[in-house]
Amino acid sequence: MSRAVKSPGAEDQAANGQIRRRRQPVQARSRETVERILEAADAFIEEGGLDAVTTRNVAERAGITPPSLYRFFADREQVLDALIEQHLERLGAFLAEAEQRWAPGSAAEFVARELDTFAAYFKGHHNMARLWFDGRVSPTVRAEVGRYQHRTAQRLHALAISAGFATACNDPRIFVLAVELGDRVLDLAFRERNEPDPHVIRHGHTALTAYLEAALRQ
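Every letter in the sequence shown is one number past the one before it in the numbering used here, and letter 216, counting from 1, is 294.
Note that these hints are calculated values from the structure, not bench results.
What you were told as hints is all true, and nothing was included just to trick you.
Listed next, with one range per pair, are the computed distances between beta-carbon atoms: (1) His-228 <-> Gln-164: 14 to 22 Å; (2) Arg-139 <-> Pro-250: 40 to 48 Å; (3) His-277 <-> Thr-132: 33 to 41 Å; (4) Thr-132 <-> Glu-258: 28 to 36 Å; (5) Gln-164 <-> Asp-261: 18 to 26 Å; (6) Asp-212 <-> Arg-251: 20 to 28 Å; (7) Glu-125 <-> Gln-232: 30 to 38 Å; (8) Glu-110 <-> Glu-291: 44 to 52 Å.
Since the model is a prediction, treat every value here as computed from it, not as a measurement.
Using N, Cα and C, we set each Cβ at its ideal position, and we do this for glycine too.
Please model the complete structure; the sequences and the hints are all you need to start from.
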């Protein structure tokens, strides 16, 4: 007896590097509908966390029927994926603006400014923090965060080179690991809180600075 072939789910597609394409709105009315869907999902995360986000709940709050939602998003995962893409665009603009106004003079200043800037964004966008840290149970969100982390490591390496305390010869994995460590610090600092734990942030400054200074000397 032949076995039925299961179509790849979100987890399989993420593992294979496939990107599930969603319908992009063209007309103004469609764009407004998508924006209402994302605003509704964002509100549910703010009020009840990720578990509160269902396609039925989101559609009802957005003032549309579930079939109307499915015209743009195949499932809940695609809604979350679109939402984190939107937040990452805003986070990128927030970081770019902050970096225009300063040039780090040391690894310690570099760590403190970057970590504090991320913390400031998460503090002002509680639902982004929940989606960023808790949303990784979703394979699409996890893949999007992973891509962003990789780009962040490249950006920080370039920034450190321009500041003069790193070189192009430094192993780029130094900054990949620094980004992952910083991510864990922020996760702990915002765990079950909307305000970052200042003690965790302070210890994070110390740990990340010590790591970078030691790694860049090798």
